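Quick mapping for you: the protein sequence lines, in order, are chains F and S. Numbering of the first sequence is given in my numbering, commencing with residue 1 and proceeding in unit increments. Numbering of the second sequence is given in my numbering, commencing with residue 1 and proceeding in unit increments.
Hints are not guaranteed to be accurate.
Stated by the list, open to error - If you want the footprint, here are the derived chain S segments under chain F, 3+ residues with CB under 8 Å: (1) 14-27; (2) 75-87.
Said to hold, decoys possible - Sample of chain S residues facing chain F (criterion: CB under 7 Å; computed from the structure): (3) 96; (4) 100; (5) 101; (6) 104.
If you're looking for bench data, these hints aren't it; they were derived computationally from the structure. Just so we're clear, the structure is a prediction, and the values are computed from it rather than from any experiment. By construction, the Cβ of each residue, glycine as well, lies at the ideal position given by its N, Cα and C atoms.
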Amino acid sequence: KAGVTQTPRYLIKTRGQQVTLSCSPISGHRSVSWYQQTPGQGLQFLFEYFSETQRNKGNFPGRFSGRQFSNSRSEMNVSTLELGDSALYLCASSSSGGGGNIQYFGAGTRLSVL
Amino acid sequence: AQKITQTQPGMFVQEKEAVTLDCTYDTSDPSYGLFWYKQPSSGEMIFLIYQGSYDQQNATEGRYSLNFQKARKSANLVISASQLGDSAMYFCAMKPNAGNMLTFGGGTRLMVKP
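Start from the sequences and build out the full structure, keeping to the hints where you can.
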């Protein structure tokens, strides 16, 4: 079974631009969660999508948004990029959401904002 | 709200020896799950082991075991017979059973010496 696939692996953008990151979950998984990892703030939850609906949202500004398609693939968008948005963005998929549900992560997209 | 604390920023261990990585947590949720992930320098988060809050026995997965002490709110990871490939960042995480949002600790960098 293929794992979680994130594209692209690396991105360089300039301040003010917008960016879209993509995540293809493990086949059969309907939940996709996004996390931001920075040296200063560590790993922080951005949002979760389940069956095309946002189910949970972390404490991030509205510039961060996402969506999920009917095939469970998810995209994350960041508008009006700021230097502080430079981070590793990790996507995780799981079959549902309760109990011992394991989230499996992709390799991440490393975003650099110049 | 949930909180995870990992007090060891970095640790060294001799190859073939066992090592314990500490994790304490705080939560008001009645049922929850505890997880350990490994993050090599490549960035991908690799799931290692899971412990449910109502599990009577400590979880084990190959060379990994989780020393779960509910009254002390600790969930330490024990790696037996360390290998050079175990050198990586290790993150303790938790989530409520009703939900899919992982809260991570700050991580411990483990370095295995030959």
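Answer holds if the nearest beta-carbon of chain F is closer than 7 Å to that of residue 100 of chain S; otherwise answer violated.
OK, holds: residue 100 of chain S within 7 Å of chain F, min 4 Å.
Evaluation of the interface hint that places residue 96 of chain S against chain F, nearest CB under 7 Å
violated (9 Å)
Can you verify the interface hint for residue 104 of chain S: is its Cβ closer than 7 Å to any Cβ in chain F?
holds (4 Å)
Would you say the region 14-27 of chain S counts as covered by chain F, given the rule of at least 3 residues with C-beta under 8 Å?
violated (count 0)
Assertion that chain F covers the region 75-87 of chain S - criterion: three or more residues, beta-carbon distance below 8 Å:
That given contact is violated, which follows from only 0 residues of the region 75-87 of chain S lying within Cβ reach (below 8 Å) of chain F.
Verify the interface restraint on residue 101 of chain S: the C-beta must sit less than 7 Å from at least one C-beta of chain F.
Holds, because the Cβ-Cβ distance from residue 101 of chain S to chain F comes to roughly 5 Å (cut-off 7 Å).
When held up to the earlier numbered hints, the structure conflicts with 1, 2, 3 and fits the remainder.
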